[in-house]
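*Asks:* Using the hints provided, position chain B relative to the given structure of chain A.
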Amino acid sequence: MVKTLLKELKEFKLPSILTPLCMIGEVIAEMIIPILMAKIVDDGINGQDMGLIFQTGGMMIVIALFGLIAGLGGAYFGSKASAGFARNLRKAMFDNIQTFSFSNIDKFSTSGLVTRLTTDVTNIQNAYMMLLRMAMRAPSSMIVAMVMSFIISPRLASIYLIAVIFLGIIIIFVMQKATKYFKEVFEKYDKLNESVQENVSAIRVVKAYVREDYENDKFKKAALNIYNMFVKAEMNVVYMSPIMTGTVYACILLISWIGAHMIVGGSLTTGALMSLLTYCMNILMSLMMLAMIFVMITMASASGKRIAEVIEEKTDITNGSNPIKEVKDGSISFEHVNFAYNKTSEEPVLKDINITINSGETIGIIGGTGSAKSSLVNLISRLYDVTAGSVKVGGVDVKEYDLETLRDQVSVVLQKNVLFSGTILDNLRWGDKNATEEECKRACEMACADEFISRMPLGYNTQIEQGGANVSGGQRQRLCIARALLKKPKILILDDSTSAVDTATDAKIRKAFAEEIPGTTKLIIAQRISSVQNCDRIIVMDDGKIDGFGTHDELIKSNDIYREVYESQTGAAGDADFDQASNA
Amino acid sequence: MADNKVIKGGPGGGNRRGMPRPKVQNPGALFKRIMGYVFKYYPVHMVTVLVCILLTVFSSVQGTLFTKTLIDSYIQPMLDTGSNDYGPLLVAMGKVAIFYAIGVIAAFVQAKVMVYINQGTLKRLREELFEHMESLPIKYFDTNAHGDIMSIYTNDIDTLRQMISQSIPQLLSSAITIVSVLISMVVLSIPLTLITLLMVGVMMFCSAKATAASGKNFVAQQKNIGALNGYIEEMMSGQKVIKVFNHEEESIEKFDELNEMLYQSAFKANGFSGALGPINTQLGNTSYVLCAMIGGAIALSDSVAVGFTVGALASFLSFNKSFSMPINQVSMQFNSIIMALAGAERIFRLLDEKPETDDGYVMLVDAEEKNGEVVEADHHTGHWAWKHYHKATDTTTYQPMEGDVTFNGVDFGYTDEKMVLHDIVLHALPGQKIAFVGSTGAGKTTITNLINRFYDIQDGKIRYDNININKIKKADLRRSLGIVLQDTHLFTGTVKENIRYGKLDATDEEVIAAAKLANAHSFIKRLPDGYDTMLTGDGANLSQGQRQLLAIARAAIADPPVLILDEATSSIDTRTEKIVQDGMDRLMKGRTTFVIAHRLSTVRNSDCIIVLEQGRIVEQGTHDELIAKKQRYYQLYTGMKSETA
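Going down the list, the protein sequences come from chains A and B. The numbering of the first sequence is the numbering used here, which starts it at 4 and goes up by one. The numbering of the second sequence is the numbering used here, which starts it at 172 and goes up by one.
Be careful, since some hints might not be right.
Taking lysine-lysine pairs in the DSS-like style, the calculated list, with each CA pair at most 30 Å apart, reads [unchecked claim]:
1) B/LYS425 <-> A/LYS491
2) B/LYS425 <-> A/LYS328
3) B/LYS674 <-> B/LYS541
4) B/LYS294 <-> B/LYS525
Treat the hints as calculated values from the structure; they're not laboratory data. Everything numeric in this text was worked out from a predicted model, so none of it was measured.
If we strip away everything but chain A, and leave its shape as in the complex, we get (with noise of 0.2 Å):
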């Protein structure tokens, strides 16, 4: 994991390893300002010698500049390298997100993957600032502060020694503890928040049932397990500061008491006990320090794993070698297809599936819920790969094609179909980047989405928002539709998207595409019998099988479940003279 992400470093490994030679020279000034403060007062005041405090002030003022600059340098490398580094850390994961297949987006949800490029991201680049400046800092300014004292008194400086490590212990053995607490609390935290979110997208099920003092007592439950864990975690982390403040407290004491000693003695000077109780601080402060990158570390490493997974993700839908840059016709054939979603799982979702469509032909495809009406048209421009078996577009399989020009020539219509901020004009143009206005105004009309957007203020230059929230269901499948068209494709996949466009909108779409685009192949998946009725051929799917494939007159006579289908939707039975009358 973290070989992966220390690859994204790229431009930015000399600013990561400037930070903490950087840092290295700060840590330098802050030892040398001691010994120096020391001096002027040994030397200077307690040997009376002015020209000595000014000479050494003078010093200290320069190794102060110096100190200034490395840390500058350190706080410029380190936000350079740490932004940086997030900087590419997203877009690694974006760009190998693009490269994944419908599997692929499958396994990460996409609020898993949002929080990834986001939140997991800036939880790397602050851990990541926090390590090139701190890592080297701290430790490196404990051992100066340790070799600086045992050179002024290896007796005081061993008392030091003991207390570093008997705090290095308490430390480990307390992160050890909380970081466990901490880890449970935040998953829980995550459970909780992810119920709020449940309650405001379904607030209206909430108000409709009138469950609000449910609810609220079902969070205030959460809340209070929170509340006790976040406690009993805490708990665990409070002794920290005082023992280490107690520490300090007794170091300072029991060096008074020595110090006192050596110096009525004369092994001691009075400015050196000085020095020596500066650098209790600074030891004590690295400790902390470290203590701080641990905890940061570990709550990081979480984040750190998730990117990875992200980046390590390969796209299990690549192209071939030589692949075939031009589809020759419509045609689709499906030989003992059998497909599964997931390889391991043992019923296949598609058995043995045996269809051959001509170029030009119009196909209904119906079935019930469930019945893997998706799933058959979804292996067409290769979003799935299938299980067993081939699937042929133009008499080749389309393992054979590269990607890019499958998927251009054959335009699928999703069941969930999603419109991008933008105009009307922007999300057309996704279909094709350099239609004109005229040929996007066209497409729209096959879809019917024309009359609505010249009836829009802005006309094609109305703005969609996210999602295409501010479009109704009925007008955004619309847009969708007109958006497949302006591909051209030799063959056009509706995936039950006129499902909130009414009968009459739905009947003329489909005139329209019978008309203008004779040539294209067009497999039309609905709930409406009336929406495949007068199509070339119906496949009627029954459980990842075929139950019957042809046309409207054949299956009503030989297809159980067509005709059942039928008369629900035409109810046959009771309104015989309204079916009489428009059937005639």
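*Replies:* Relative to chain A, chain B alone:
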């Protein structure tokens, strides 16, 4: 309708998503309000913390002073006199040790109490937020992006947590330290104090400059994060469409642009705020040197007359150091406090939203007939009555609930400027099945949302059994209306719990009966754990059709007097729909039902079909009547038939 945007914010992390941080209005008032919260619920705790902070600071000041006395009063005299009596020193150290012990205990108590204050306040805030949110009208959820509401619970609460647990104690102890150290310094030497203060002025000036520069970039960074977040969210939810349209490169291109902008602002923001530390530290060192030089000069020139000893200088110098430190800390906290206040502002804005009003007094009760009179029943009878309490006469009357709904000249708009429904007049007789048809956006769903008062009308009257719905208690009004919404929402929990949502005390048998009625039983049985299968993420592991069946079962178990089905079967295949429909018809026999559907086959057997167009009723009547009329309904109906001919 706002899309269901899933936002998940990790806790603890520095994720500040959403909109750019606006300038905080009136930070003082906000701060006061936060502190008000803390003090209101934890007055004793807060006072304890204050005392503890005082004690901690006091003991650390005592410790610093001890350095002076150690050298001046004990070591120096011993050196001067050559005495070897450590007795006085031991006593002094004993005293200091007691101070230290008090300090350590105080620090411990403070940390411990602070946990309760912090977590307790946040718990209360969360509960208050949630409870208040539940009471807000639907309009609030329409007009606020769900991501923004979520961000209050995640980011804003998180920054506030950091502020209460870290910034506030830090500020308090810094303030106390600054004051007490300042006093000690003044006592030791006024000229040196002035020099120190001068350097503090320089530090403050530099801090203000750096904070302003980084603050500007932090705002830019928030804005850029918001833009990038929005983009990522949009692209990720449309990822499959991107694939289908070979649009990967274009989407990367725009991403790179936003990503680069974020990098630039993050780099600058962190760079400037990182510079703050070194600048202040070295200015602190400079201040130290200046004091050492001048103090040295004073101490050497006339040490006895001024009474400024070497030991005093040593103490002063360490005060000088302890003086710079809290100032440095305060300036470092500044950015995070501003951030937290901006978050607090959003929290309070939600809390200040006006909740739904409810002036109703008529209640819905279970009823039975006794001696030809309607009386209240203490059990479910399948009959209901409206309970009126008449204040004037202090009497209570019961009126049988029948399900007669009338709209009289109703006008409605989501905003006062734009009406979406005009002059709606309709009358649903008890036991009738009323269907609304019409193209999308005609106002079908809106009408049903008016009956249960999700929205209040601008003009006209809606009466329920001849009672103005404004007089009915909202909870009772809604309880009387079973509703299956267009967007199916399920909750995290088992299938059983989701169905039981309609009737919390339903037995397992009742749950299964409802599932059977909704034709959901067969697929539920096939789920891994049957009725105990956990549903997560709004039932993501179910198909849209299956989710609709569960939603219908949930409504069925409530056994409501009046039912509204809003495109409840749109994703269910027509064969299953027929079965479900028959089941619901049986359940709702003799009760009023409102149906909205695109499929005309779904609505054909209704008692009255209402055709809506652009917010107006253009036709109403039975299927046969409307077909005979050969107008809009006929067009809609034959539109799907025209090709058959």
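*Asks:* Against each hint, give a clear statement of whether it holds in the structure.
*Replies:* Hint by hint, here is what the structure shows:
1. B/LYS425 <-> A/LYS491: holds (26 Å)
2. B/LYS425 <-> A/LYS328: Holds, because 27 Å separates the two Cα atoms, which is no more than 30 Å.
3. B/LYS674 <-> B/LYS541: This hinted pair holds, its Cα atoms lying about 27 Å apart.
4. B/LYS294 <-> B/LYS525: holds (22 Å)
Violated hints for the displayed structure: none, as all numbered hints are satisfied.
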